[in-house]
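Enquirer: For the sequence shown, my numbering gives the first residue as 54, with consecutive numbering after it.
The hints are simulated quantities; they were obtained by calculation from the structure and are not laboratory data.
Small disclaimer: the values here were computed from a predicted structure and weren't measured.
Backbone N, C-alpha and C fix where the C-beta goes; we use that ideal spot for every residue, glycine too.
The following label-pair restraints were derived from C-beta to C-beta distances: (1) Gly179 to Gly73: 19 to 27 Å; (2) Cys55 to His109: 29 to 37 Å; (3) Glu84 to Asp110: 27 to 35 Å.
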Amino acid sequence: MCVSTLVEDVVVPLADQHPGASINTTIEVDEMRSDRQWLALILSEVVENALVHTGHDPTVDITITRTGEAVEIGVTDDGPGIPQIEIDPIMAGRETDLQHASSLGLWVVSWITRALGGTIDIAVTGAGSTVTMTVPDLSDESAVEPPPLATATEHVDHDL
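Produce the complete structure using the sequences and hints provided.
Expert: Laid out in structure tokens, this is it:
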């Protein structure tokens, strides 16, 4: 798939919905092989999350680079940052009575990223948050196909 077309298909409608936002893209990958629908969904979810929770006239930077046989999709915003109480259960892959996220958005991103055979990282600085999803590029014939979504989420505690 053409990565820049994927990003454009996600970003243009979101930019139209948030006219005061500044969405910047740096795309260093021309083509990759993965599930386009799932990639569009996770990118859309993270970018929309950044736009909604950042405040007035947000700035969102999308960076897509290649790291070995994987593609790294980073979304950085200039908001207050994702609260650690939201991040911890997602990174642990399970919630408890005392540690749980308040919405499903980042859970969906985490589940799909892992289903694609990838990883997710969430970093918070004083200047906002960066959500980084690293997914394998299956263009190489020797690359292993990711497991079905049901298999990838079997380890997750669904008693939310």
